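Respectively, the protein sequence lines represent chains A and B.
Per the numbering used here, the very first residue in the first sequence carries number 3; after that it's consecutive.
Per the numbering used here, the very first residue in the second sequence carries number 3; after that it's consecutive.
Be aware that one or more of the hints could be misleading.
Identical copies carry no separate label here, and so any pair may be met within one copy or between two of them.
DSSO-like cross-link-like pairs, simulated, lysine-lysine; straight-line CA separation at most 27 Å [unchecked claim]: (1) Lys-147 / Lys-69; (2) Lys-143 / Lys-69; (3) Lys-147 / Lys-62.
None of these hints come from the bench; they were simulated from the model.
What you are looking at is a predicted structure, and each value in this text was computed from that prediction instead of being measured.
There are 2 protein chains.
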Amino acid sequence: MEIRLRPIGVVESGLPEEGPRVDRRTFVSTVRIFDEFSAGLKGIEEYSHVFVIWFMDRVKETRITLKPWGLEDMPEVGIFATRFPPRPNPIGLTVAEIVSVEPPRLRLRNLDAWTGSPILDLKPYDVLDIVQRPKMPEWLKRFLKIK
Amino acid sequence: MEIRLRPIGVVESGLPEEGPRVDRRTFVSTVRIFDEFSAGLKGIEEYSHVFVIWFMDRVKETRITLKPWGLEDMPEVGIFATRFPPRPNPIGLTVAEIVSVEPPRLRLRNLDAWTGSPILDLKPYDVLDIVQRPKMPEWLKRFLKIK
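Please model the entire structure based on the sequences and the hints provided.
Quick look at the structure:
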């Protein structure tokens with residue numbers, strides 16, 4: 003079975019692939035929704051945050067297990083126990099803050115997609131997406147400096 | 003541009019399409035990951051919650067705008083301002099609670115996918131996915147009975 007999707011838009015200005023590292027938490031990306039779909043943005047400005055489902059089109063490799071960040075002192079874990087890119091389906095999922103909406107464009111903070119990445123879907127974030135105390139593995143808490 | 007994806011698994015036992023309505027918040031679904039990818043589950047039991055990215059393969063229609071739940075007293079909004087199915091790319095996204103992991107199967111609470119739906123990806127939920135007070139439109143707050 004093969005599933006075929008088409009981009010609904012593109013990251014016009016996103017994280018640079020080269021050069022100095024950018025802090026995604028403050029960086030503002032511009033996403034353009036293609037004209038045939040841009041009426042689908044109507045009312046999205048009533049939300050503060052949106053899930054961006056995008057396609058990591060530069061990923062050429064698939065890993066089923068890996069050590070997070072390639073670090074030797076990390077445990078070997080399955081790809082579905084991580085958010086790393088070399089997945090069987092390289093779908094990106096990011097919670098982004100809506101900075102402004104001027105159809106067909108949105109400006110979004112915290113998106114970690116490169117310029118040119120295809121957008122597959124946008125879904126508003128709502129209270130049902132909040133998990134108050136999610137359990138996470140020790141290796142991730144160590145990285146995020148969480149007790 | 004066309005994007006081709008392949009299922010990594012299937013909802014073996016999910017919400018029934020017919021019969022009495024089931025409360026998804028308590029219903030436990032079984033997802034089976036295909037053998038070639040099942041090692042990718044290693045360590046996923048260290049998380050309490052996971053994003054399930056699935057394909058709404060029964061959606062035959064695309065809407066760019068709609069009235070939520072088809073109700074006349076709702077405003078007309080864009081599809082990307084809702085989570086409703088008739089999207090240009092009918093990708094489902096659900097935060098599910100991990101009940102148990104016995105590879106190649108997971109039991110998940112709160113998944114709103116029908117039996118037989120293809121699974122595209124699993125991504126663990128972490129603290130960076132929490133938005134403490136997301137802004138939402140009045141029509142959604144009215145539905146969720148939130149002030």
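Which numbered hints does this structure break?
-> 3
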